[in-house]
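With the hints as your guide, set chains B and C onto chain A.
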Amino acid sequence: MPFIPHTEDEVQEMLAAIGAASIDELFDEIPDSLKLSQLDAIPTALSEMEITHLMAKRAQQDGEPTCFIGAGAYDHHIPAAVWQLTTRGEFYTAYTPYQAEASQGTLQLLYEFQSMMVALTGMDVSNASLYDGASALAEAVLMSVRANRKSKSKRVLMPRTVHPAYRRVVRNIVKNQQIELVELPFDPQTGVTDPACLAQYAGEDFAALVIPQPNFFGVMEDVDALTDWAHENGTLAIGVVNPIALALLKPPGLWGEAGADICCGEGQPLGAPLASGGPYFGFLCCKQAQVRQMPGRIIGRTLDLDGKVGYTLTLQAREQHIRRSKATSNICTNQGLMVTAATIHMALLGTEGLERAAAASYQNTQKLVDALTAVPGVEVLFDQPAFHERVLRLPAPAKGVLRSLAAHNVLGGFDLSGDYPELGDAILVCATEKRTDEEIETYAQKLERVIQLQGGVTCGLVPKE
Amino acid sequence: MSNVPNDLKYAKSHEWVRDEEDGTVVIGITEHAQELLGDLVFVELPEVGDTVDAGSECAVVESVKAASDVYSPVSGEVIAVNEVLADAPETVNQDAFGDGWLFQVKLSDPAQLEDLLDAEAYTDIMESEEH
Amino acid sequence: MLIFEQSKPGRKATAQAPLNRADVSAIPEQFRRKQSAALPEVSEMQAVRHYTRLSRKNFSIDTQFYPLGSCTMKYNPRACNSLASLPGLVSRHPQAPASHSQGFMACLFELQEMLREVTGMKAVSLSPAAGAQGEFAGVAMIRAYHDARGDTARCEILAPDAAHGTNPATAVMCGYKVREIPTGPDGDVDLEALKAVVGPQTAGIMLTNPSTLGVFDRKIEAIAKTVHEAGGLLYYDGANLNAILGKVRPGTMGFDVIHMNLHKTFSTPHGGGGPGAGPVGVSERLIPYLPVPMVAKDGDEYQWITENERPESIGRLTAFAGNAGVLLRAYIYARMLGREGMPRVAEYSTLNANYMLKQLQSVGFQAAYPQRRATHEFIITLKKQAKELGVNTMDFAKRLLDYGFHAPTTYFPLLVPECLLIEPTETEDKATLDDFIDAMRSILEEATVDPELVKGAPYTLPVKRLDDVKAARELDLAWMPVVE
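Chains as they are written, first to last, in my numbering: chain A, 1 to 465; chain B, 1001 to 1131; chain C, 2001 to 2484.
Just chain A, with the same shape it has in the complex (with noise of 0.2 Å):
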C-alpha cells in the first residue's frame, strides 16, 4: 500500500484495541445511504517508475522554448543553492509556526524575509506573504479602505497601467464589499497616468491611488507627483512595484513627500521558478501607522524566559483564526515556502548581486529594443523612462506573428491586443539577464522572416480588424 505502513498484524491489533471487527466498522456513524462503492472514473494506481515516465513525456512535450515575455512573470536566475536548501524537508514539510520554540528557523528566516522586504521597498513593515501579487494588491485595496479614516466613499483610483490581470482580480475580490474601481486612463503618447486626468478628481473623496511602478507597459510613473496628489487630497498612496526594479528604483517608502502608504507587488522574481504562474507570492508592506490593517501573518522579534532572542508570530488578534468575522483578511496558510526561496535568493546575491541582476535586464531589454526595432515596420511604443519591458507595434496581426514565433521555440511577448485594443499590434517584450546576445539576435531574425511571410506589410500602422 503506497505510503500506508501498517502490517496486518498491527492492524489487527489496533482493531483489537478499538475493539473493532474491522476497520469498515469505525465508519459506522456514516449513514449507510451516503456510502461510496467505487471510484470508476479515476485510474489505477501507478508505481513511481510509471509516473516518472509519464511526466517526463509530458514535460518534453511542452519544450523549452527562449522566453521574452515578461507580463508579470519574470524568468531570472535562480542561484542553485536556493531549491536545495528551501527544499529541504525541515523547510519544505513543516507548517505554520504555531510552535514558536519548535519553528525558530522558519521564524527566524521570515524575520529576515520582512527586513528584506522593508529595506527594498523603504516601508515599515513587512508581512509574510500573501498568495501572489493580485491578491496582495486586492487586498492592499481593501487595507486602504479600512485604514483611511478620513475617506467614507470606498472608492480607489485604479489606472489602465496597472496589469490587466490584476485590476481583474482585485475587482473579483472587493466587489462584493461596495468597494468602487475608477478606473484612470493612460497618455497614449507616454503610456503614464494622464496627471490632466487626475485634476478633475481633485477634492473628491477616495480611499487610495495604485500607482504602478515601472507600469504594466514597462514605463515609469512620475510616482512623486502622483503620491503627492494622493496625499493633497486625502488619499493614501499604494505602491504596485517589482522586486528586482527596486534595487535600482527609488523605494516607494521615498516617492513624494511623505512616501507611499502601502506598497505591495509579485514576488516571483526574487527566486520563483515560472512554473506556469504558481507557486509565487504576494508582498505587502507598509507605513508603522496602517500595520494593524494589514492582512497575513507577521512575525516578531522577542525574548524567551532566559533572556535569549526569539521570534514569534505576533499581532495574531488580527487574523481569521482569533478575529473570526472581523478578521482584517481570511487569509490562513500564505506562500513560506515560496519567501523561503526569496530569502535565500536575496541573501545569496546581496545588493551588489540584485543591482547587477537589476541593470542586466535593463541593458538586455535595451539590447531587444534595438534588435527588433531594426526590422522594418516594428516600433516603440511610448518612448520613456522603462525599466526591463517594452511595447512594440508590429507591422502584422500580433496573434499570428506570435504563433509563428512559437512555431520556431520562440515566446515572442505578451499580446495586448485583447486588453488594449487602442493600441493595435502591440505586444510587451522582455529581455531578462538571462537571455543572450545571441538569443536576441535569432529573435530579431526571427521576427524578420516571420512578419515578411505574414504579407510583408510595409505600414507599420495597419489598425487591427
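Simulated from the structure, these hints should not be mistaken for laboratory data.
Cβ coordinates follow ideal geometry from the N, Cα and C atoms, glycine included.
Among chain B residues calculated to face chain C with C-beta under 7 Å, some are: (1) Asp1039; (2) Val1041; (3) Val1064.
Quick look at chains B and C alone, frame taken from chain A:
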C-alpha cells in the same frame, strides 16, 4: 472574585460607567473583563468627536490570544479618550477602574443611565457566567 | 545570529549575479534610488551554512511526528517534488501558448476529473491558491447564483460555532453577515437551532463534515434538506476530506459547492505555511460561476477556459492559474494512489485516530465526545488536569516538544475548553503512535508529581517559552542597520 466598586454602573458586556454628574460619563472595561482577556497588548479607541450609540461597538481591546469589542453602554459624543493607553495598554490590567479608563462621552440621553446595572446585578451576571 | 549580522559591506562574494554591472545612467535620476537597499552581503558558503543551520531549528514531518489536528500533516512523497520540477514544467511561462502547454494542461485536466469523481461534484476548478481562497470562491459563487436569480434578499451565511475562523471571515469578505449555529452535546450541529434560523435571508451554510470536533455529522441529510428547502445552498469546507476520501462524497451528502485543501488531503508540502491549493467543485447549478482558468479537452487537444468562455464566472482570483506547481504535485500523488489507494487514505487515518483515542483514554485522558467514533482526528480535553493540577493544554503541548513530538492543535475548536485536536494521518506507523501515547502518559505523571516541570517546558529546544506579550507590545518586525 474580582472587585466590583459600588459607585459605578455596569453593562452586561463588561463595561463600567462612571457618572461625572456634569452630563458626561467615563467608560472602561471591568477588572473581570481584563482578567478574562489577559495581558492587553493594544487598545483601539474611538476618535474625539465620534458619535456613539448605546450598544454599538466603539473600541477594541486586544491581548495576545484574543480581541474583544467594547460596546458603548450609552449614546453621545466622545469628548476625550485615554491617550496613555496607546503606549501603555497594560494600564487597563493594572487599574481597570481608574487609570485604565477608555473614553469619555457627553450623554445625549441621560435617562439611559437608569437602564444600566448596579454592582450587585453585575456581580450576579459575572458569577452566573462562571458556572 | 541574523544573516544581516554576518554581512560586511563591500564583500561582493556573489557568483550568482552577472559578472559585470551594466550601465543604467540613462534612467533619469528622479526615478533611481540614491542609497542601495541594505541587503546582506555574504558569501555563498555563509548563506548556505546559515540557512542549513536555521532549518535544523524546525520540527517538520520529515523529522518528527506532527499530529496537528485539522492540518493533515501526512508524508510528502519525494517523487511529487522531483517530477513537478522537471525542466519543461518548471520553466513554463504562465503566458506560454496552449501549443506549448499540452503536457501541463493534460495534468490539470486529469486532476480536475479525478477530484470531480472523488468528491461527487459536477465540475471542478483548480485555480484558488489555498483553502481560504477556495472558500472565497465558493461563497462568491453562492452569491453570484442568488444574484443571477434576482434573489438578492439573502444576506446571511450560517456557520456552526465549531467552524474554522476562515469561514466567518470569508463570508464577510463576500459581503454577508454571519450567524453562528450551536453544536449539540453529541458534537453534531443542533438541527432544531438550525431550523429556527433558516429562512428567506439565508444564502447558505458553511459546514465541515467530519467537523472540527472530529465526528461525522450523522444528520447531514436532514441539514441539507432544511437549508435547501429554505432556498439556501450548502458549502463544504474540505479541511477534513482526508477522513472520508473514497468513502463518502460531499456531492452525495447534498453539498452544492466544496473546496479541497490539496496540501492536506493530497499531500503537497506545507512549506512552513504554504503554498497550498484550494480547488473548488460544484453541483450543476453553480457551473457557470466557477473561477477561471480551467482546462477543457476537445478531441486530443487541451484548451483554456477563461473569462471569455465563461462570462458569468466569478473570475480569476490570482493573476495566472493559481498555484500550478502545487497542482502538479497533487496530480502525481493522486496517480500514485489511484482508485485503490484513495479509500485507504480514509481507512488508515481513521484506524490510527481511533486507536490513539482509545489508548489515550486508557492512560487517563478524557475524550471530548467519548460516546462517538473518532474520524481521522479527535479531541481530548485537559479541563480536569488544568483544574486539579494547574497544568493546562499549552503546558502539555510545550512538554511534548521536549519528547520530540510536534504538539497537536491547541485551543481549537473554541467551544471545547483546554482541548487538544489530534490528527495522526494514515502515513504514521503503530510504533510512532505508541511512542506518542507513552509520552502523553509520562507527561501526565510529571504533571501530577511535579507540575512546575511541565509548566516550564520546553527545555530542549533552541529557545524556551517566548514572551508573546512583549512581542506584541514592543513591535520589532524588521532588523534595522545600526547607525554609527
